[in-house]
Structures are given as structure tokens and as C-alpha cells.
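Use these hints to put chain B onto chain A, whose structure you have.
From first to last, the protein sequence lines are chains A and B.
Numbering (my numbering) for the first sequence: 1 to 519.
Numbering (my numbering) for the second sequence: 1001 to 1242.
Hints are computed from structural coordinates only; laboratory data are not their basis.
Watch out, some of these pointers could steer you wrong.
[To be verified] Chain A side only, calculated, beta carbon under 8 Å to chain B, not exhaustive:
1. Y2
2. Y10
3. I409
4. L410
5. G414
6. A415
7. S416
8. R417
9. L510
10. P512
11. L516
[To be verified] Non-contacting residues of chain B with respect to chain A, defined by C-beta distances greater than 12 Å in every case (computed):
12. E1003
13. E1033
14. D1062
15. R1073
16. D1074
17. A1132
18. H1145
19. R1146
20. L1199
21. R1206
22. R1229
Glycine is no exception: its CB is placed at the ideal position from the N, C-alpha and C atoms.
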Amino acid sequence: MYQSLLTRRYLTHRIMPLLAALAVALSTAMVATTWSVMGGFLQILLDSGRTFVGDVRIFRPSRGFAHYDELIARLEADPMVDRACAIIETFGVVSLVGDETRAVRVIGVEPTSYDAVTGYFDTLYWHPIDLPNRADRLGEDPRLRPLVPDNPDLARRLELTWEQIEQNGREVMRMDRKILRRVPAIVPGIEVHGHVNRRQPGGWYLPYAHVPNPQRVDDWFLVPVHGEVTLRVLPLDEDGRALEMASRILPVANEFRTGNYEFDSNMVIVRRDMLQEMLHMDEAERIVEGSSSGIVVDPDTGEERFVEPETVVDPARANAVLVSGAAGVEVNALRARVEEIYEAFSREFGQPAARVQTWEQINAGFIGAVRKEIALVLVLFSFISLTAVFLVLAIFWSMVNEKTKDIGILRSLGASRAGIAWLWVRYGLSIGLVGSLLGGLLSVLIVRNINPIHEWLGRALGITVWDPKVYYFSEIPSRIDPSATAIVLIGGVLAAGVGALIPALRAAHLDPVRALRHE
Amino acid sequence: MSETILEARQVHKTYRLGRVDVPVLRGASLRVERGEWVAVLGASGSGKSTLLHLLGGLDRPDRGRGSILFEGRDLAHMGGHELDAYRARSVGFVFQAYHLLPELSVLENVLLGAMVRHGRVGFARRRSALRARAERLLDLMGLGHRLRHRPVELSGGERQRTAIARAMINEPTVLLADEPTGNLDEQTGGAILDAIAALRDAGEGRQTIVMVTHAREVARRADRQVRLRLGEVVEEDVPSPA
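Isolated chain A, as found in the complex (with noise of 0.2 Å):
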């Protein structure tokens, strides 16, 4: 009871207690801050590593299985799956705008099945929109005024509209101005071309400008208006030896912008039909016997003679499925069923044995390497913090000092020693409590703002610490975890126990009469 008084009178009538809070508070708003942050940071990482992979895939590389459409459907027949798509993935070189040439992974996808798995269309960057993004302050940001703000139906006439170009990556597909025809494009990673999308302090993208007035929108080169794409794949045969290289000169259609790097700087995605066609993947009739021409030889006679050639025809190819979960699947159970439909499927069409990996295994090695990242960042911090520790054992050591008469009066008057350890425990938990609540509100305050915050800090001081160039988010996540927050807060609080704990068993144990005669 006497517990409980003194607590809150020390609590309220010193200043040495409040700093001790301070200490805690201001270690509590750092560890937790840092993790909600790099929660945060780590969630928009994972999230845009799912981005094109969906939950579960099937992967098969280089030849791939055939009857993909059979195997989609027993998929989606399941209630297990929501959605399921084939794509094709392979490695090939691109001849970029700018002579620039480079080895990347194309996608081969059917844009809207890959949709609805993936997400894709979400991730076309150019697209109209109506505000600037919080650090875009003076309204740069092309995509929002039209591309050709004079002659409106002009733009519509050459597709020269955000709308437009938003369709065509939806499409992948793009009008080839020289023969006013629709024809199949390529969507490129945004940073795929970052030599000529010029990533701003503010995380949007400014095309290059080749003309001497680049606030003219019409004088930029936009890569999805006037750019071209030379891609070069190696189609393999049945036995994996490399055939002719197949080449073909694509206009791009749009970009994506994923917010995963690999991703957007290694990645173009095509239309699977023509991928398919290029690896020789596409359904085609084979002759098995006889010859193309139809003559045969007869070679004890020498005569020739007509046989009509024996076909057969090979269905179409992917080298990947990917599926998507039915809400509430967990991930893992997803997998297991994905497994056994593939097994039964390869069972009853004689298809290869294939991979099949949750998007987790998949991107096994940089989330590992991300979340380590994290487990070191906050064992660093809570090293720090333990400073906290040593801050309150500091400051109750030297209040025991100035308190033992106190402790004295209250063993005269038949305190135990425990009553007088746990005084000061109590009081050091007490102290632990109000600086963690205070530095969970700090906490809480900082990561909702901390977007603001660091604008003031970029404007005030010229400090960008968080640079959309270096991190490749245009925002710091300011995403609260409760979970996280808690756990820090609990550690705060016990955190100043273990630093009053000492100075607690000391007070416990000092002699009553000299604690009395302590001046």
C-alpha cells in the first residue's frame, strides 16, 4: 500500500523520475518507430515480390508442359483456387531505346487472366491521374496534363491519350503509326528504361526531354509514345539445344512500376501468344512420316513417288502456372492442392514433373535477406536502447542514494525488505509505464507523419533521408504495428524493472540505523 503512495509522489515530485521516463519514452518511440518503419518496409516488399507471381506456381522451364488450358481449369474448378493463368518465362536480350542493350526476363502473358492473378494492371505507370503524389509539390508530374493538350482529337485519332496508353498495356498491344494497325507491344519494368525515365526526388518518373523545352509535354520522349523495343529470345528443342535465335522489333506499350527493383529494372512482359510463337511454343502441326513435300524416294528403285505425309499436331506450350488463392486459403494448404492437381493432371496428359513453389519460396532469398536486414537493425536498436537500461539503474541508484533516509523511516517503522525492494521495483515498472506510453504516442505520432516530418526535415534543413532514388518508394511506410508496438512498449516497461532492480536490492539491504544516520 505505502507502495502505491510513494510511487506516485516520487513519480510526481521529482524530476530525476521524469527524465528517467524520458530515457525509456524516447527509446520506446525509437525501436518501435523503426520497426513499424521497416514493417512497413518490408511488407511493401513482400507485397511487390507477390506482385507478379501470385499465391502458388507451376513451373516448368525451358520446354514447359503442354494442355495448360485443361490443367487452368481443373484449377479453377477448385474451390481451394481463385484464379489461375499461364504464362511463359524465359530469359532474352533487349535492344532499348538509346542503343542500350541488355539481358532480361520476358513475361509471356494472356494480360487479362495474368490480371486477375497478379494484379498487373495496377502496376501500369502511365496512366492519367488527377493529383500529385505528396512530394510532387509543384505539380510536375506528366501524366497529370494531356499529352497533347491543343488538338484533343488529334491525340485521340494517334492514341495520344493517358487513357489510351493505359489500354494499350492492359493490351500489350500498341497502333504501329506507319501502318495504322494494332499490333503486339511490350510493357517493360519503368526502370528497364531508367535512362530515360528520370526517377524525381519525389519517387514520379520524368521522361527525357530531347528538345530544348521540356516543360512542352509534347517535346519529351515517352518511352510507351515513341519508343521501340528490339527483343531477342532463344527458342530451345525437345532436347534443350538452342535454336535459331528468334528477333522481333516491338513498340512499347506501356511500363510497369511494381516498387520491387529486380522486378522493374529486369523484367518486360509480352503477349504469350507471340512469345509462344517466337520459342516455338505455339500449337504446330509436325510431320512424323513422309516429308514436308510429300515425294518420297524409293531406295532399291530410285523412283519417286507421292505419299501424303503423317501429322500430328502439338498443342501450345507455357512453362508456368500461376495461381491465386481463394480468400482466407492459406498459402501453404494452397500449394499442397496445387500439387496434387498438377500430379493428377501430368498423370492423365503425360506432362513432365514440375515445380510448384509458394511465392514465398520463390522469393525465398531476398525476403530472407530483408528480414535479416530487419532482425539486425532492431538487435542494433535495442542495443541501443539498453542504454535506457543503464539511464534508469543510473538514476535509481543515485535516488536510493538521496532516498535512504526515506528507506531507513520506513524500516523503522517495520517495512520488510522486500516491501522496500519491490518500493522500488514497483517505481521503476511505474517509470517503465509512463515513458512507454508516452513513447508508444510518440511513436505513433512520428510513423503517421513521418512522411511530413521528413518533407519539413528536406525543406527546413535539406536533409532527404529517405531518398525514392536510393529506397525506390516514393513514400516511407507509415503503416503502425500494433503487435510490434506492444511487444517494444512490454520491453519498455520491464526493461526499467531490470534497471531498478539493483538499486532496488541495494535499498533492500541497507542497514536501517546507518540509512536513519544517512546525511
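Below, chain B without anything else, positioned relative to chain A:
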């Protein structure tokens, strides 16, 4: 018929100052009867306070050299918890320097002893009765109008009267007063002694008091005076008026 309530038997107490052993009490013996007011006289450093601390269970005699008996029970045989309970229930301390807690009000300082004795649940159960007793004691001490004041707002005399009320809150068997007027002027000191006397007579039986002092005129208020000389207790020749 007189009854010995508190007794020191051949008590030795030695303090160590650096590497030097300083004997303070060398076989001091004292018997205190129930309801008796005993004054222990002695010069500064004669061991008066040490004897009082030993009687109150705040300290222990040198190992195997003397014993303190309360109602016939040796304090040396009591464990830590029993000794805590002894201090909380059976004795009340009044110190020369008052030893009030500066963060607490007058009323809270007085109730502090009751909180320690009864614990959270016990105090909560008796809260109103204990509060009424604290207010009554403070009224008796002339501090009924100072309940919410802090010690720093009180005079020396008022602080000491608060300390006396605190010592009496648990109705101790023995009141142990260590130079209760030592920091006060003569008039205020007299008033404090009057207050102690008033308290002594306020209960059902007479309160047993052991008071140490270096002042003969203060000691005269007691029933009996003893003197600490060379670490031993000797009876004073001049008996005090009853």
C-alpha cells in the same frame, strides 16, 4: 503488580570505524515496566541512541553478547519478518530529526505506519477507522488544521508532533523516543513533552515510554531516570517525581 515489558540484558554493541572496533555498549542492562516512562540520560556518543535502536529491533547486539527481551521473548530469536512485525506493531519510534517523508502530507505521514503494518488489503479494510484515528491523534497534537500540509510547511515542533502521531498510529506497546526535543527550543520542547504526556494518559492503560535525552530537565518528566556511563546503565540517584 509491575510487569517487565522490555529488557536489555548485558548488551554489548561494537561499531567498526575503518579498522578500529569502537565498543559503545559494554554490558548495558535495563528493565522497563509496563506503563513506565524511563528516561535514559547520557552524554553525546554514550550509546543512548544505540540502546534505543537495539530495544526497537532496528539493530542487534554483538553476537552472543547480551539479549533484548520483549514480553520475555528474545529479539535475537526472531526472524526478519518477525522483527519487521515487532517494529510495526509493538514499538513506535520518534526521532530527534523527525524523519518525516517530505513528499507526503501530514496525514499521509501518520498513516504511513498503518499502511506498513496492515498491508494493502488490511489497510483498505480499515481505511476509515485508521484515518479517523490519525485525525484524532493529530487533533490531540494540535495539528487538526494541518492535515494536508507538507512537512516543509510546518515548524519544528509541529513536525515532531506529527512524528509522535505517526509513532502512535499503530497503538504500540512501547514508544521509543530518541532526543525528541533535541532540535527544539525550550518552550517547544516543553510542549512536545506535554504532548507525549497527554498521549501517555490518553489510552486505556498508561503508555510505556523509553526516552533518551542528554538534558536532565527533559529527563525529569519521566518516571525514572537512568544514565549510560562507560557503556553501562546506571540508575540515577535522584528519582523523578511521578
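Non-conforming hints, listed in increasing numerical order:
As far as the earlier hints go, only 9 is violated by this structure.
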